[in-house]
Amino acid sequence: NAGVMQNPRHLVRRRGQEARLRCSPMKGHSHVYWYRQLPEEGLKFMVYLQKENIIDESGMPKERFSAEFPKEGPSILRIQQVVRGDSAAYFCASSGLDSNQPQHFGDGTRLSIL
Amino acid sequence: AQSVAQPEDQVNVAEGNPLTVKCTYSVSGNPYLFWYVQYPNRGLQFLLKYITGDNLVKGSYGFEAEFNKSQTSFHLKKPSALVSDSALYFCAVRVPPPMEYGNKLVFGAGTILRVKS
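First to last, the sequence lines map onto chains C and P. First residue of the first sequence? That's 2 in our numbering, and the numbers climb one at a time after it. First residue of the second sequence? That's 90 in our numbering, and the numbers climb one at a time after it.
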């Protein structure tokens, strides 16, 4: 499967725990984007990364949330000390160097906070 | 700041009839416009895009969209709807560099399309 791979597909955490969401971009893509979809809402941009660089994090909450895209391995979205309001579907997208091309999305990680 | 409006939460259409899902946008500069479709428990699938050129854009699964600069609209259309087209549809806009730093997409709230047989 050459598409965007996200894991896990479903993640359950208790309040106060940490959540780690992983995203492997499509082969040949070096740009990764994270979006959050709250129930009954559209997707909201969180962060845009290239290898080892955060390019735009204007949509990231100021606390508890962080993202990385290391030189080797998948991109990670990390949520510390989760709260019930963090329950959502988190989608990763990737694109190549050509800015005219669309972003391709993974199937998302559905995070549930107990 | 750019924004996208999808004025209809839901569109109902009979199978075989034409469908339209509406989208209007507000941006500074020339927009890149996209339509995506989402099926339950799945990610977004790209349908079509407008970057420049012909105002009528053809995409996947028989869908097309018309870019109207004066009305700042990018409505999604299909001449003959199928039951399998029932899904959640998102319009999105991106302002390319150098007008906007980064490549983030701004999405509308989505429109549920229900096609009845």
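Honestly, I wouldn't trust all of these hints.
What the hints assert, rightly or not - Restricting the straight-line Cα-Cα distance to at most 20 Å, the calculated cross-link-like pairs of lysine to any residue (SDA-like) are:
#, chain 1, residue 1, chain 2, residue 2
1, C, 45, P, 205
2, C, 45, P, 114
3, C, 45, P, 192
4, C, 45, P, 96
5, P, 205, C, 103
6, C, 28, P, 114
7, C, 45, P, 116
8, C, 45, P, 201
9, C, 28, P, 158
10, P, 147, C, 103
11, C, 28, P, 97
12, P, 138, C, 52
13, P, 205, P, 135
14, P, 158, C, 101
15, C, 28, P, 134
16, C, 45, P, 121
17, C, 52, P, 192
18, C, 45, P, 158
19, C, 45, P, 95
20, C, 45, P, 134
21, P, 147, C, 52
22, P, 147, C, 42
23, C, 28, P, 159
24, P, 111, C, 28
25, P, 138, C, 41
26, C, 45, P, 98
27, C, 45, P, 156
28, C, 45, P, 92
29, P, 138, C, 98
30, C, 45, P, 147
31, C, 45, P, 129
32, P, 147, C, 105
33, C, 45, P, 198
34, C, 45, P, 97
35, P, 138, P, 106
What the hints assert, rightly or not - To list a few chain P residues with every Cβ distance to chain C over 12 Å, as calculated:
#, residue
36, 103
37, 205
38, 206
Bear in mind the hints are in silico, worked out from the structure with no lab data behind them. Note that beta-carbon positions come from the ideal geometry of N, C-alpha and C, so glycine has one too.
Against the structure, the hints:
In summary, the hint linking residue 45 of chain C to residue 205 of chain P is not supported, as the alpha carbons are separated by about 30 Å, beyond the 20 Å threshold. Between the alpha carbons of residue 45 of chain C and residue 114 of chain P the distance comes to roughly 16 Å, so the proposed pair stays at or under 20 Å and holds. At roughly 13 Å between alpha-carbon atoms, residue 45 of chain C and residue 192 of chain P fall within 20 Å of each other, so this suggested pair holds. At roughly 18 Å between alpha-carbon atoms, residue 45 of chain C and residue 96 of chain P fall within 20 Å of each other, so this suggested pair holds.
A distance of roughly 30 Å separates the Cα atoms of residue 205 of chain P and residue 103 of chain C; the hinted pair therefore is violated under the 20 Å criterion. Between residue 28 of chain C and residue 114 of chain P, the direct Cα distance comes to roughly 32 Å. Violation of the 20 Å bound is thereby established for this hinted pair. Our distance criterion of 20 Å between C-alpha atoms is met by residue 45 of chain C and residue 116 of chain P, whose separation comes to about 17 Å. Of the supplied pair hints, the one linking residue 45 of chain C and residue 201 of chain P holds, its CA atoms being roughly 18 Å apart against a limit of 20 Å.
For the hint pairing residue 28 of chain C with residue 158 of chain P, the CA-to-CA distance comes to about 35 Å; that exceeds 20 Å, so the pair is violated. A hinted pair counts as satisfied when its Cα atoms are at most 20 Å apart, and residue 147 of chain P with residue 103 of chain C qualifies at roughly 15 Å. Using a Cα cut-off of 20 Å, the hinted pair residue 28 of chain C and residue 97 of chain P is violated, with the two alpha carbons roughly 36 Å apart. For the hint linking residue 138 of chain P to residue 52 of chain C, the alpha-carbon distance of about 26 Å lies beyond 20 Å, and the restraint is violated.
For the suggested pair residue 205 of chain P and residue 135 of chain P, the alpha carbons sit about 23 Å apart, so the restraint of at most 20 Å is broken. Between residue 158 of chain P and residue 101 of chain C the CA atoms are separated by roughly 19 Å; this keeps the pair inside 20 Å, and the hint holds. Of the supplied pair hints, the one linking residue 28 of chain C and residue 134 of chain P holds, its CA atoms being roughly 17 Å apart against a limit of 20 Å. Between the alpha carbons of residue 45 of chain C and residue 121 of chain P the distance comes to roughly 17 Å, so the proposed pair stays at or under 20 Å and holds.
Of the pairs offered as hints, the one joining residue 52 of chain C and residue 192 of chain P holds, with about 15 Å between alpha carbons and a cut-off of 20 Å not exceeded. Pair hint residue 45 of chain C plus residue 158 of chain P does not hold up; C-alpha atoms about 25 Å apart against a cutoff of 20 Å. Between residue 45 of chain C and residue 95 of chain P, the direct Cα distance comes to roughly 15 Å. Compliance with the 20 Å bound is thereby established for this hinted pair. As the CA atoms of residue 45 of chain C and residue 134 of chain P are separated by approximately 16 Å, the hinted pair is consistent with the 20 Å bound.
With a C-alpha separation of about 33 Å, the suggested pair residue 147 of chain P and residue 52 of chain C falls outside the 20 Å cut-off, and the hint is violated. Between the alpha carbons of residue 147 of chain P and residue 42 of chain C the distance comes to roughly 27 Å, so the proposed pair goes past 20 Å and is violated. Note on residue 28 of chain C and residue 159 of chain P: the hinted pairing is violated, with a Cα-Cα distance of about 39 Å set against a maximum of 20 Å. Proposed proximity of residue 111 of chain P and residue 28 of chain C is contradicted: the alpha carbons are some 33 Å apart, above 20 Å.
Taking the CA atoms of residue 138 of chain P and residue 41 of chain C, the gap is near 24 Å; set against the 20 Å cutoff, the hint is violated. Pair hint residue 45 of chain C plus residue 98 of chain P holds up; C-alpha atoms about 17 Å apart against a cutoff of 20 Å. Annotation: proposed proximity of residue 45 of chain C to residue 156 of chain P is violated, straight-line Cα distance about 23 Å (limit 20 Å). Between the alpha carbons of residue 45 of chain C and residue 92 of chain P the distance comes to roughly 12 Å, so the proposed pair stays at or under 20 Å and holds.
For a cut-off of 20 Å, the pair hint linking residue 138 of chain P to residue 98 of chain C stands: about 17 Å separates their Cα positions. Note on residue 45 of chain C and residue 147 of chain P: the hinted pairing is violated, with a Cα-Cα distance of about 26 Å set against a maximum of 20 Å. For the given pair, residue 45 of chain C sits about 18 Å from residue 129 of chain P by alpha-carbon distance, which is consistent with the 20 Å threshold. A C-alpha spacing of about 18 Å is found between residue 147 of chain P and residue 105 of chain C, which places the hinted pair at or below 20 Å, so the restraint holds.
Between residue 45 of chain C and residue 198 of chain P, the direct Cα distance comes to roughly 10 Å. Compliance with the 20 Å bound is thereby established for this hinted pair. Of the supplied pair hints, the one linking residue 45 of chain C and residue 97 of chain P holds, its CA atoms being roughly 19 Å apart against a limit of 20 Å. Restraint check: the Cα-Cα separation between residue 138 of chain P and residue 106 of chain P comes to about 23 Å, which exceeds 20 Å; the hinted pair is violated. No beta-carbon of chain C is positioned within 12 Å of the beta-carbon of residue 103 of chain P; the least distance is around 26 Å.
Distance check on residue 205 of chain P: its Cβ is at least 22 Å (rounded) from any Cβ of chain C, clearing the 12 Å threshold; non-interface status holds. For residue 206 of chain P, the non-interface assignment is confirmed: its Cβ lies about 26 Å from the closest Cβ of chain C, beyond the 12 Å cut-off.
When the structure is compared with the earlier hints, violations turn up for hints 1, 5, 6, 9, 11, 12, 13, 18, 21, 22, 23, 24, 25, 27, 30 and 35 and for no others.
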